[in-house]
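Chemist: Residue strings, one per chain:
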Amino acid sequence: MSWDYASLLPGVIVLSSLLPGVFIFLVREESHTLRTVLNLTGAVAKLILVGLLIYGVWLGQVFETRIAIAPGLTLVLNADALSVLFVTLSTVLWLITTVYAIGYLEHSTNRSRFFGFFSLCVSATVGIALSGNLLTFVIFYEILTLATYPLVAHRGTPEATRGAKIYLAYTLTGGLLLLVGAVWLRTLTGPVDFVEGGILDDLPASLHGQLVVIFGLLLAGLGVKAALVPLHGWLPQSMVAPAPVSSLLHAVAVVKAGAFGIVRVVYDVYGVTLAGELGLLAVLSVLASFTIVYGSILAMTQDGLKKRLAYSTVSQVSYIALGTSLLGPVATVGGLVHLVHQGIMKITLFFCAGNYAETLGVANVSQMDGVGRRMPLTTLAFTIGALGMIGIPPIAGFVSKWYLGLGGVEAGQHWVLVILATSTLLNAGYFLPILYRAWFRPLPASWPKEHHFQTRFETMGALLWPPVITAVFCLLAGLLAAAPFSPLEWARLIAQREYGL
Amino acid sequence: MSQLTLLIIFDGVLLVTLLALAFAAVLSPEPRRAVMLFIAFGLWLSLVWARLRAPDVALAEAAIGAGLGGALMLAAARRAARTSTRSDGGGDEA
Amino acid sequence: MTDPLVLCIALPLLGAMLVTALPRWAVTLGIVAALSTASAAVALTATVWQHGTLHLMLGGWDAELAIALRADGIATALVLMANLVGLGISVYATGYFHDRIRVRSFWPLWLLLWAALNGLFLAGDLFNLYVMLELLGIAAAALGALTGNRDAVAANLRYLLVGLLGSISYLLGVALLYTAYGTLDLGLLAQGVAASPELYGVNAAAMTLMVAGLALKAALFPLHFWLPPAHANAPAPVSAALSALVVKAAFYLILRLWLDLFWPITDMAVAMLPAMLGAVAVIWGSWRALRAERLKLLAAYSTVAQIGYLFLFLPLLAATPPGPARDDLLAALLLMALTHGFAKAGFFLAAGLVQTNAGHDRIDDLGGTAQRLPATTFAIALSGSALIGLPPSGSFIGKWLLMQGAIATGQWWWVIVVTAGTLLASAYIFRVLSRAFGLEPTPLKFVTDARAEVPALTLALVSVALLGLASGPLWTLLGLGDAGGGA
Amino acid sequence: MLTAQFLYGAAGLMLFVLGLWSFLVHEPLLRKIIALNITGAGVFHVFIAIAYRGDTAPPDPVPHALVLTGIVVAVSATALALMLGARLQDAEEEDQSR
Amino acid sequence: MSMSQSESRAAERNRDLSLLVAVSLAVLGAALTWLYFIALSAGAAPRLADLAYERLPGTGVSNPVTAVLLNYRAYDTLMELAVLLAALLGIWSLGPAAPGFQRSGAVLAGMVSWVVPLLIVTGGYLLWVGGYAPGGAFQAGALLGAAGVIVRLAGDPRAGLPGEGAQRWLLVLGVLVFTLVGLGLMAFGAGFLTYPPKFAKWLILLIEMAATVAIGVALAAAYVGGRPPGPEAQPTAEDEDALTAAETPTPDPTPALRPQP
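Chains as they are written, first to last, in the working numbering: chain A, 1 to 501; chain B, 1 to 94; chain C, 1 to 487; chain D, 1 to 98; chain E, 1 to 261.
If you're looking for bench data, these hints aren't it; they were derived computationally from the structure.
Cβ coordinates follow ideal geometry from the N, Cα and C atoms, glycine included.
Check each hint, because a few of them may be wrong.
Rough simulated footprint, nothing fancy, chain D against chain E, three-plus residues with beta-carbon under 8 Å [unchecked claim]:
#: 1; segment: 8–22
#: 2; segment: 25–34
#: 3; segment: 59–67
#: 4; segment: 79–89
Output of the computed footprint for chain D on chain B, the stretches with three or more beta carbons under 8 Å from beta carbons of chain D [said to hold, decoys possible]:
#: 5; segment: 51–60
#: 6; segment: 70–79
Looking at chain A on its own, in the form it has when it is part of the complex:
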């Protein structure tokens, strides 16, 4: 256990948001500056460390922290290509969301508690991303549940506590199923380390029955957070949370943790070949495609803006599951790159929804007439995000849908194209009316709860610039997809290593 740079970095990355978080809890309520300083230093420090990590992994260096919490049970934080993708996504978006949250919660109560749990959530997400074996994954997976519960219930209103209770019921049950599956797998194969290409190929055929049941348990556990259809009920309910929570956590961190878990289990535990043989990929693809369609249909019926975005998240995340369930490197690239693209697009949409609610008191789509005139920049960012979601070319969403389509064709599953086409139509179905209302409808007589900020622009700086920045990210990820450090290139690198090309 020699502690050198390579074995310290992953651990330090997780700690870089955990320690400020713990201190923030103890910060007195009225010392805002100290709290903001702690928050931002944590975010920036993590960003720098992740930068170092990306550079190291790009050169092929191995980063691994191993802590033996009990004989036979070791906590492993290993940075391979797949984990770096998710770590970068969550670190970058965490910095932006912190800035947004500081602005959003300007006059609200219990902020020490909020930011304390906020940092715990991020360190849990980073822990999930960096976990090197199934045990570490389960541990951070449960800590994420614990850390997000207080955030959902932050407002304290009866709906908030009710929503939090539903969220908890789903995620704890899911976590428990995952735990049972992980223990069962551990008894069959010994410590379950994530190794590219999977570790279960050499198991005797007699165990395959148990492996299928275990996959069922793991999928159920992960499916709760990845909001696969029967288990997605909590996501719309947890929209009662403040905007920064629903944007970072319910659009990026929590939901992606589930999808990331499915990717890990399929690629690094079962291995794509074995999963294909056992027919697990077929089940996964059916579930994913059903969720895609079902989520989009329900999104159309929702009048609440955040509820509509929530159901859109339910369907979008299943693209990743669809990508992993199709046999072939191209589909994998599509799925993985969508992990990043969906993140940046959805966070933009939720930032804009937060702006509308905070500045104009607009919460429902029906109230969004003429919003474009009153808040042009925010609505522009919203448009870029929405078009990206639909899959219009210059924006990132198109890239992942394109690769998913190609992957489907390559894997001989032509029905994938049908699914993609219908979902694109449905996306258009629930996003375009919003854009039409925002830009082309006349201004209403008065806004529900207008709030004038003294800034030159349409709303407070801290609320306005984050969505604009993430919108620019969507454009960059779409236009410069072929650039060396772009999400697409990184996804291609992962696919190569997974398939051993």
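For chain A, the structure is supplied; the task is to place chains B, C, D and E on it using the hints.
Modeler: Showing chains B, C, D and E alone in chain A's frame:
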């Protein structure tokens, strides 16, 4: 009547009385009477132990088990009797 | 080298005597005694860590005649937990009792209870264990009835009578063993039992009598009726000691008899009965905790459930041949017991603070208090997560290894029990925690009453962080495979 | 000698069973305490029966010491139980009179 | 269904239940007796007797039971004194003592002034004789306790015991001396409660004296039944003549000695 049979008869009488006292103490519902019988049982038990050549323990049982334990129980029995008379008969005592 | 063994028992006893004799100095002397005993326990752990099992024949007589004091890995781990929890409870108690009479009564009885606990964990002689059990039972019942209100006295009277019955049944078991083997020392008896299979009937009867008596005192399912009222009506530091330590000492004795003395006759079939009762205890206890109106009643029923978990290990231990797998199971059992000790003590101390602050502990209207005391609510949250078995707590690893052992030995049904128990536990813990999110004005600072909240927080933190992330040393302390061995 | 040991031991066990029965069946506190004392006396009697080694050899002192300790423990437990019962009775009277 | 019917059914169910319990316990008793017989004939007959007698000279006392109590298993006796103290502290924590009995009449007072000193002297004798003949700390302590009980019955609410402060020291004496002797021996390297043969007799006697006082005071205080009343509870003079004529006291105090109203 040989020495041995005499001894067996003696043991038999000792044990039978012991068990009889125990049964009586357990079965009598009236608290004071039960405590009296229990004190008698304690004393008889120390007699039996003296027979079994355990003088120290016999003395201790007589002094502590039957004596002090009995005294404590007697006080409790009198208090139990007093409250039961007070609750049902309005208590004749001042 | 065996001095700490004796000091662990003599120091609290001496402290109790001084506190009784000088009631005006009760608090200061009490804290001094608590600190010295805790340091003796730490010294004991250090000695056992280096030299392995300690063995001392009191009075220098040979093995059959004298009373043996023995500290092996299991006993030392529990002594260390008991003393650290005891220290936390003592610090909490300095600020808890304000009524002069209560202070004079609490400290002597508490130090006597502490001496009995240490004496029981370190005893190696069957009759000495009987005397320790009696001292434990009487001190605990007397402490429980400290408040003097009606239901506390009634509950503790029932607890005392039940405890006496348990001890007498245990004593009859000892009488049978003494008749058959002619010695009272645990080590010699174990050799005797192993060497005489023809006395199976006597051994089985003695085991049944002793384990039944101890199960009564450890509140195993059907015999748990006395626990909830007794623990819920006691003052907070006392109920913390009762739930975290006293009940666990009785379980430790059952484990000691089960693994050392009656090992040849406790096969899987025999182990199935306590495990089934344990499983029912888990479900029943958690269900009653979910429906409890009062916070301390909830914690008491949760103790009944957690004790149930510990009994689930017995058939697994019986079914696994000696080796790293069995070491892991034994260590997991210890880890669950230790984590429950710390977590339950932290939970009760925090609940006590909530009760003193709110004037009552009805869960449904605890909202305001939970928000005004952030540190206390945080302590409840941490210890609650340890009670549920969520990572990173010690009981998470305990449950992981329990399920692993259950699947490995093919007794998969225990996994269902553990899952149901965990779900019910999370339901009743989060029912309490959801009170902490209301519309009350925000508290200005995190810690409101340091002397009470710091012990509760540290105990809860130990159960979550320390035992969760660094439980490797427990394996070495138990002398099982070296820390990284079983990978 | 063996028959005497067995005879007295059996009597002790009968006392144990009798006390246990009474403890389980009778509800008033005083009868439960008497039952407990009789069960205890039964077990102590078994110890003394084991210690008896005929009229010639001196008896085994260890069980004697154990029983001595047991008696004092039993009496202290009984004292506490009786006083708890008394305190309970007073508390119940207060409730009735209030 | 009228009350009496349900009551009779409940009583009937009760009777059946107790019968069932009785039968099952009888079976248990029979099984235990049969196993007891097997255990008896298991041939461990001498048990610890011979070893105890063989080691007796080294213990400093010739009465084997006292040797076991205060030398071989001294730790047990220490803990048992702690049990007695714990029980008493429990009684004290429950509340103040009940009101004492009325001052005894002339005959009872006369009897008490004879019996109590006799009990104390016999206790002292038993304590001393314990070294080589049946007797010892417990029996002597019991007699002192009995003396206290009789004094209490004769009207002294504090059962002849000093004030609370002094009582606390006397109660603690037994365990304190025992532990200090043990720790002292440990400090001198002999080991906890390991008496060096030369001093064994005197150490045991010292411990026995302390234990006797502690047991006597504890048992008397237990009979008082609560925290000792403060100095103001002394019975005043005019209570003397208010007494009716008291008959000679039998072990069971006659109704004449009813508690003060």
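Chemist: Hints first: check each against the structure and report whether it holds.
Modeler: Results for each hint:
1. Closer than 8 Å: that is the beta-carbon criterion, and the segment 8–22 of chain E has 4 residues meeting it against chain D, so the requirement of 3 holds.
2. Counting residues of the segment 25–34 of chain E whose C-beta sits closer than 8 Å to any C-beta of chain D gives 6, which meets the bar of three, so the coverage hint holds.
3. By the rule of at least three residues with a Cβ nearer than 8 Å to a Cβ of chain D, the coverage given for the segment 59–67 of chain E holds, with 3 such residues.
4. With a threshold of 8 Å between beta carbons, the proposed coverage of the segment 79–89 of chain E by chain D holds, since 6 of its residues qualify and at least three are required.
5. Check result for the segment 51–60 of chain B against chain D: holds, 6 residues qualifying (beta carbon to beta carbon below 8 Å, three or more required).
6. With a threshold of 8 Å between beta carbons, the proposed coverage of the segment 70–79 of chain B by chain D holds, since 6 of its residues qualify and at least three are required.
Consistency note: the structure conflicts with none of the earlier hints.
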